[in-house]
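**Q** Chains E and D are the protein sequences, given in the same order. Residue -6 is where the first sequence starts when you use my numbering, and the numbers rise one by one after that. Residue 17 is where the second sequence starts when you use my numbering, and the numbers rise one by one after that.
Calculated directly from the structure, the hints in this document are not laboratory data. From a predicted model like this one, the values you see are computed outputs, not experimental measurements. There could be a bad hint or two in this list.
Quick list of in silico lysine-lysine cross-link-like pairs, DSS-like style, CA-CA up to 25 Å [unchecked claim]:
{"hint": "1", "chain 1": "D", "residue 1": "Lys123", "chain 2": "E", "residue 2": "Lys148"}
{"hint": "2", "chain 1": "D", "residue 1": "Lys255", "chain 2": "E", "residue 2": "Lys147"}
{"hint": "3", "chain 1": "E", "residue 1": "Lys147", "chain 2": "E", "residue 2": "Lys236"}
{"hint": "4", "chain 1": "E", "residue 1": "Lys264", "chain 2": "E", "residue 2": "Lys148"}
{"hint": "5", "chain 1": "D", "residue 1": "Lys189", "chain 2": "D", "residue 2": "Lys26"}
{"hint": "6", "chain 1": "E", "residue 1": "Lys321", "chain 2": "D", "residue 2": "Lys219"}
{"hint": "7", "chain 1": "D", "residue 1": "Lys189", "chain 2": "D", "residue 2": "Lys123"}
{"hint": "8", "chain 1": "D", "residue 1": "Lys255", "chain 2": "E", "residue 2": "Lys264"}
{"hint": "9", "chain 1": "D", "residue 1": "Lys26", "chain 2": "D", "residue 2": "Lys123"}
{"hint": "10", "chain 1": "D", "residue 1": "Lys219", "chain 2": "D", "residue 2": "Lys26"}
{"hint": "11", "chain 1": "D", "residue 1": "Lys123", "chain 2": "D", "residue 2": "Lys294"}
{"hint": "12", "chain 1": "E", "residue 1": "Lys264", "chain 2": "E", "residue 2": "Lys236"}
Each chain, letter by letter, is given below.
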Amino acid sequence: MTGTVRLGVVLLCHADLGMAARLARIWADGGARVAIHVDAKVAAARLAGMRDALKDCDRIIFSRRHRCSWGRFSLVRATQDAAAELLRQFPDTTHVYLASGACLPLRPVSDLVAYLGADPDRDHIESVSTHDVGWTVGGLNEERFSLFFPFDWKKHRWLFDRFVEWQRRRGIRRRMPGGLSPHLGSQWWCLTARTLRAILEDPQRPEFDRFFRFAWIPDESYFQTLVRRHSTHVESWSLTMAKFDHTGRPYLLYDDHIPMLAESRCFVARKVWPGASRLLAHFPLPDDGHPQVDPPQPARISRIINQTVRRRVLGRPGLYMQSRFPRKDAENGKTSAPYAVLQGPGDIFHGFEDWLRRHLSCDVHGHLLGPEGAEFAGRSRTGPGAISSDPQIRDRDPQGFLTSLIRITNRMQVFQFGPRDNQALNWFMATDPNAHMLVVTGAWKLPLLHSRMPFDDVRRVFAQLQRIELGHLDVLNSVWVRARLHQYDLGEFLMNPRPILQDFMLQIDPHSVPVTTLPAMRDLTGLDQMLRKLRNSGLRPRLTGEDLPPIELLTNERAAAE
Amino acid sequence: MRNLGAHPIKGRLRLRVERQRLIGRAIRRRRALRSVSNRTGLIASGDILCFVTLRDERVRLPWFLDYYRALGVRHFLMVDNASTDGSTDWLRSQPDVSLWWTNHSYKGSRFGMDWINWLLLRHGCGHWCLTVDPDEFLVYPHCNQRPLAALTSWLDSTGRRSFPAMLLDMYPKGPVEDAICAEGQNPFEVARWFDPANYSIQKNDHFGNLWIQGGPRTRAFFTQDPLAGPALNKIPLVKWHWRYAYVSSTHMLLPRGLNLVYDEDGGEQISGCLLHAKFLSSFAAKSVEEMDRRQHYGNSQEYRAYHAGLHRGVQLWCSESREYDGWQQLEDLGLISRGNWA
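Produce the entire structure from the sequences given, and follow the hints as far as they go.
**A** Right, dumping it as structure tokens:
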């Protein structure tokens, strides 16, 4: 059944009266009666200008002015007075829509009238019980009603906070009058005149008003609570699209939102940036005489705004830039994608890097953190993203170097690592779940074995590298490790190199080429003699494995693999 | 005002003294400026202002002014450091430019910042003020669709007082000497390439700002001493108050809270970029002159390095360079962010 709808609008204005006047005219031209409340803080001259601009509209009235401040009862008082005045001057009004001077009607007013007419007894007001969590931003939920809030949050923040703390300590709990159950919701609603009259003319209203005067943000709870007392047909959603960010500030709408807003089919949207002239000229859509009654579909615009909030609060993982520089352990993802670090195999096999590259669909680099500079694949002077291979530049901000490299490339990054390299990222990589690490301890001894350096030098370098690797192992064996770590000592690895490499490669790249042949291994002859000599010179060689198996055994395994 | 509580009283007092010294210095140096055309009476409340120091930039100026006029800058306050190429006369004829002239030392006035601090102190209070060089062009999220006033009013509504914009060096494909930009031409039609990822960041605990280095200059000119490369972090857009002062170029300012333009809890704040149209054919000639004048940072070390580089015919372009394609591209690359400005 379609009844006759005569729409009234209460318009709350406090800034930019020019735009407010323009919006009032849009409502009035669409056939609605408009009661305007202008904040008493606005200078009389500006109000006179607005009255002057609207004097030809006999459907627009101005209500008694109050000084309004955010979060206080004055806003409710202003709404009550304006609504009462509207109902008094236009007693045949059937529905009242509460809007602000920055709420822009997107569809013709006739659409809204037709939509309301389809079910004329329904009250469109978001009204959520406070027992359901998650409405508010920043703490106060049920306490909005159970404590006193005599101080202005914006002007007297310190007093506000202290007073709340004091009441909490004293265990103060206000009781709601008249069996009301607290509800919250968007401050913008559309009520039937019957319900609105019942709220305004309730014999207990002085008692309710006294209660809400000291509640917190009553404009989001007064009508939302009382409507449950007087109406049985609550459609609990707002016809005004209003989104808030993580701090509770409303989102502003600009010219580039036009397509998205048109698609949303919302009746009214807020809050419009006053300078968005194209947006203001585009909406409301022209009335073509055929009112559409399809409901609003704000899902897409909500999703986009939620994504932005997410970006503001959580950020993009692995991004370090001028306006996102997370402190340690607050990164929300240390790196943006998985990467692999191989420590040891490069020292054991000749040409391991090229061999690995042939088997994986990844970017395989040399020692990215090497002392002579970053060994990018192909050994170019500038790597992906024009990152310089210069060691000084890299070591200025090694973490930035690695995270930028991982973020700028599309393929997985694989690189070699060892105790000769810059160790600044040991903790970073070990605690990063994106890191896949294959560590063969003591593998660095093989290049040393073939270095043909004098024994004194070998001993010195050996001691140094061993100390560095032991330090690294302290990190890798700590309880903080989040990397996917595969750790072997040299003896263990040499017993079974093929399955170990195969497992690791399958883990980082499920489509890797199966390992059939291994690259040529460095000659191990002389290793045990070198270790014995080092031991006898007073050094204690570690990290090779307690019992390095006999060389012959290893050589057989290698022959089998080949 | 994040972290300020954690900053010890002694450090805060030291910063306060430093700020007062900078302001005092700016007031003393005001006599160096001679007013050429003062139209500051035209400035209305709420106007966005642009502050510039320049020398011999006649060819660049028309496009520069038009670019910022289109974004919504209402008045330009410019200091002409003894130009000889007609910049003075041309600027004098512009209706929205107030011009001061000086032949004092650029270096002696902390690379022009004393003059700018004075003009900001005198005319910037209560306005959003953009301080840039004539070869720096601001790009911010949604800049193709929303004027600068939309950004500043949004910053106002979220309680922000400063807006960061990292310097992004743009360069041509091919030798810099061949990249000729005609008067009134968009320099980024010629120099339209940039480095997408090679930037290093360190935190400066004293001033609280981030210190960003890298880009093509470090890669090509500072290979011998990369740590001496120029700083790229800038905070060019500030809602000015007479108590504020720029410390070193627009890299950082005091009070310290204005430098905290980044999120440390993992989130992203809003930020933009200053596209830097430095590497054009005019640059080679300039580097010879500036090398002799030694009026730039670190005895014009930058210019000397460039000069040596350019003589060898160095190209800044490399196969990993990206071609500029609007702010969305910069956001995807993670060079700028829209924060929660949807």
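**Q** If a hint holds in the structure, say so; if it doesn't, say that too.
**A** Here is how each hint holds up against the structure:
1. Lys123/D / Lys148/E: violated, 45 Å
2. Lys255/D / Lys147/E: holds, 21 Å
3. Lys147/E / Lys236/E: The given pair, whose Cα atoms are some 21 Å apart, holds under the 25 Å limit.
4. Lys264/E / Lys148/E: Satisfied, since the Cα-Cα distance of roughly 23 Å is no more than 25 Å.
5. Lys189/D / Lys26/D: violated, 51 Å
6. Lys321/E / Lys219/D: holds, 13 Å
7. Lys189/D / Lys123/D: violated, 33 Å
8. Lys255/D / Lys264/E: holds, 23 Å
9. Lys26/D / Lys123/D: violated, 30 Å
10. Lys219/D / Lys26/D: holds, 20 Å
11. Lys123/D / Lys294/D: holds, 20 Å
12. Lys264/E / Lys236/E: holds, 9 Å
Violated hints, listed in ascending order, are 1, 5, 7, 9; each of the other numbered hints is respected by the structure.
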